[in-house]
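The residues making up each chain are set out below.
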Amino acid sequence: MSGIGRPLLELDHVERMFGGSWLGRLGGDNVVRAVDDVTLSIAAGEAFGIVGESGSGKTTVGRMIVRLLDPTAGAIRFEGQDITRLRGGALLAYRRSVQMVFQNPYLSLNPRRRVRDMLLDAYRIHHLASGRDAEERVAALMEMVGLRRTMLDRYPHEFSSGQRQRIGIARALSVEPRLIVADEPVSALDVSVQAQVLNLLRGLQEELGLTVVFISHDLRAVSFLCSRVAVLYLGQVMEVAPRRALVERAAHPYTQALMGSMPSLAPGSGITREVIRGDIADQQPPPGGCVFAPRCELRRRLGDPDRCLTERPWPRELSEGHAVACHFADAEARPDTDARPEATGAAAGPTTPTTPTMVGISDPTRVPAVTSTGATT
Amino acid sequence: MHERTSATGSREPDAPVLEVTDLAVEFMTRSGPIRVVEEVAFRVRPGEIVGLVGESGSGKTVTMMSVLRLVPPPGRITAGRIIVDGTDVRSLSRDGMRGLRGSAVALIPPDATAALNPVVKVGDQVMEGVRSHRPQVSEAEARTLALEMFRRVGLPRPEQRLRRYPHELSGGMQQRVLIASALQMAPRLILADEPTTALDVTIQAQILRLLLAVRDEFGTAILFVTHDLAAVAEICDRVLVMYSGRLVESAPVADLFGQPLHPYTRALMASIPPLSADPPDRLQTVAGAPPEPGSWPEGCRFAPRCDLRTQLGGPDVCTTSQPPLVEVRPGHHAACHFATSEAGVRAATDLAATVEEAEAVVLPESVQPGGAA
Chain W
1 MSGIGRPLLE LDHVERMFGG SWLGRLGGDN VVRAVDDVTL SIAAGEAFGI
51 VGESGSGKTT VGRMIVRLLD PTAGAIRFEG QDITRLRGGA LLAYRRSVQM
101 VFQNPYLSLN PRRRVRDMLL DAYRIHHLAS GRDAEERVAA LMEMVGLRRT
151 MLDRYPHEFS SGQRQRIGIA RALSVEPRLI VADEPVSALD VSVQAQVLNL
201 LRGLQEELGL TVVFISHDLR AVSFLCSRVA VLYLGQVMEV APRRALVERA
251 AHPYTQALMG SMPSLAPGSG ITREVIRGDI ADQQPPPGGC VFAPRCELRR
301 RLGDPDRCLT ERPWPRELSE GHAVACHFAD AEARPDTDAR PEATGAAAGP
351 TTPTTPTMVG ISDPTRVPAV TSTGATT
Chain S
1 MHERTSATGS REPDAPVLEV TDLAVEFMTR SGPIRVVEEV AFRVRPGEIV
51 GLVGESGSGK TVTMMSVLRL VPPPGRITAG RIIVDGTDVR SLSRDGMRGL
101 RGSAVALIPP DATAALNPVV KVGDQVMEGV RSHRPQVSEA EARTLALEMF
151 RRVGLPRPEQ RLRRYPHELS GGMQQRVLIA SALQMAPRLI LADEPTTALD
201 VTIQAQILRL LLAVRDEFGT AILFVTHDLA AVAEICDRVL VMYSGRLVES
251 APVADLFGQP LHPYTRALMA SIPPLSADPP DRLQTVAGAP PEPGSWPEGC
301 RFAPRCDLRT QLGGPDVCTT SQPPLVEVRP GHHAACHFAT SEAGVRAATD
351 LAATVEEAEA VVLPESVQPG GAA
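These protein sequence lines are chains W and S, in that order.
Letter 305 of the first sequence, counting from 1, is numbered 305 in my numbering, and no numbers are missing.
Letter 362 of the second sequence, counting from 1, is numbered 362 in my numbering, and no numbers are missing.
Hints should not be assumed to be uniformly reliable.
Stated by the list, open to error - Where chain S lies over chain W, by a calculated footprint (3+ residues, C-beta under 8 Å):
1) 41-48
2) 148-162
3) 194-202
Note that these hints are calculated values from the structure, not bench results.
Computed from a predicted structure; not experimentally measured.
We put the beta carbon where it would ideally sit given N, CA and C, even for glycine.
So here's chain W without its partners, still in its complex pose (with noise of 0.2 Å):
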């Protein structure tokens, strides 16, 4: 299931719960499996995106690998140690390894300091430069995340956004990590400075070597920073792609919602078109079953099939590198089975990556037809 290369950094099984009391989380009752047995592997030099919406749990994956947050089950291995239960020097000398960038940069920037305090910061607490060297190490910073060097006497709120998130960068690369946990780093910004920022990323991936683990709802930015890919919802892997693989043949109902619920800058494509109902608070899923099911259209037309309430589907894998957790993600790629859902669904059997199930646009419905309101102003 790896990509390139070993793995850096190993999900596995990976639990977190949230709420009830430790005799009734025993129980079972009154608690949010935030994250929900994960298990992913990340190589060395990969820039993997996590893809969810709010409450899919993707968040709550990156604030356990930089152990803001502990797993209530399963191990996070980084270079095959597990780095759950570290603590003092060791947990500091993990935290020198593995960085993480915030989504809002108006938030996770102190307002009271200047960019030189806090760029500073990281050498005193990991005793890593002193005076000169620090300073300088501190201006050449700067100039990697495109800033100028003579900005480092200003307050945060003396930068724009997109300046903001450059500075939010730049902290978490003074320690040189290996791995970046990046949540949300654009979505804030605008969209020309997303751009910026979403250049910048990649050009450090490239020229440090550095691992990016990039969460974001934004299958655009995702698939312009990633090579692979993981889309969660409530907690769990839905499927994991190579960037191809998810564009070009996306397997889960779910990953194919989130592309069809995506504007498209063709006017009038599509987005009238209802392709998901429903919201991931709505209905709760059948315990024991596909969490995705209740909403699922794969399912509905297929004729509800019980497995899908019954059985947790497992990711399996359709071809290298590309695993899907549906039991019938595959029903309907088959030609010539009418399909029977118990029948397809069982035999997970070699898949046909090659079949159409992704159209080209060619639709003529797709063609905008905006003319009749046209010229006023």
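Assemble chain S onto chain W, guided by the hints.
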């Protein structure tokens, strides 16, 4: 494309519901007034969805708030005319303005969670909206109306939802509550300020569809303020693009995306990452940042960042004379000296082709229509 209903309008049916002429807004600061919006002029016709696009600081929100006369101090409308449904907004008394806000025009704010009072049930908040504007409406009538509106905006189990507190509803449902609240006064014009920005993609699609349905069913015109060009492409009839306090392009949506004639519009379109198996190495970006309000450059405000100007060898006219918004093609306005220059048109055509190709992916067959509940 759609019926232009005008059930609530007293004026001739096709007169614009919103007409803004030569609007200027200034913010008073210690170092003197700063002009953040100027020479903005546009119309919104009944049943039309007009997108007002721009990045932060472009003046799009200030422009929209001017329509309600809700520009936050120290901001002030210093010039221009704003006509809403035949009424001159700037000449209205405070009470008159309040009446207009409740009837002809309604606002859908960007952050539903912030817009709703956390300690009052959503039903009560929606009912209060009607009753504060129309005291003669009884509580029972208000409840019936709220219920009806909840149903219309697709809130499941509306009777129960009325009794919920905001925190008991998801972000998408909160936004639906606000849309219901706006609709119950049967406004002729809805001002929607980034109504989907805070929402998840799947919910965003639902709300965009709802706005379309509102227009189709009620004939309400919508001024849709957003930074999201793709959302605009999906639901708008016409688009206005703002940069540094001025309109730089205005066109029917198909023309804007088919031939983006202002370099800034092109820059915006090009900076959106394509959903592609083979993404480019670098996204196209605009050099630098927009100018600070008040320190506008001479001539065209986009000139310092403009790649068309660079390509043309940096003509002086761009930095000496401000290009007016002129009709360069039928119905298509652009504020660029070289909008229809050979290089400009070629850039527009090339970009449109690139975008069309890049966007011609996705949409799995399995999510195509047919799944009508």
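Note to self: Using a Cβ cutoff of 8 Å, are there at least 3 residues of the segment 148-162 of chain W near chain S, or does the coverage claim fail?
What the structure shows: Answer holds; 3 residues pass the 8 Å Cβ test.
Checklist line | Coverage claim, chain S over the segment 41-48 of chain W, checked by counting residues with Cβ within 8 Å (three needed) | finding: violated (count 0)
Check: How about the segment 194-202 of chain W: do at least three of its residues have a C-beta closer than 8 Å to a C-beta of chain S?
Finding: holds (count 6)
Checked against the numbered hints above, the structure breaks only hint 1 and satisfies the rest.
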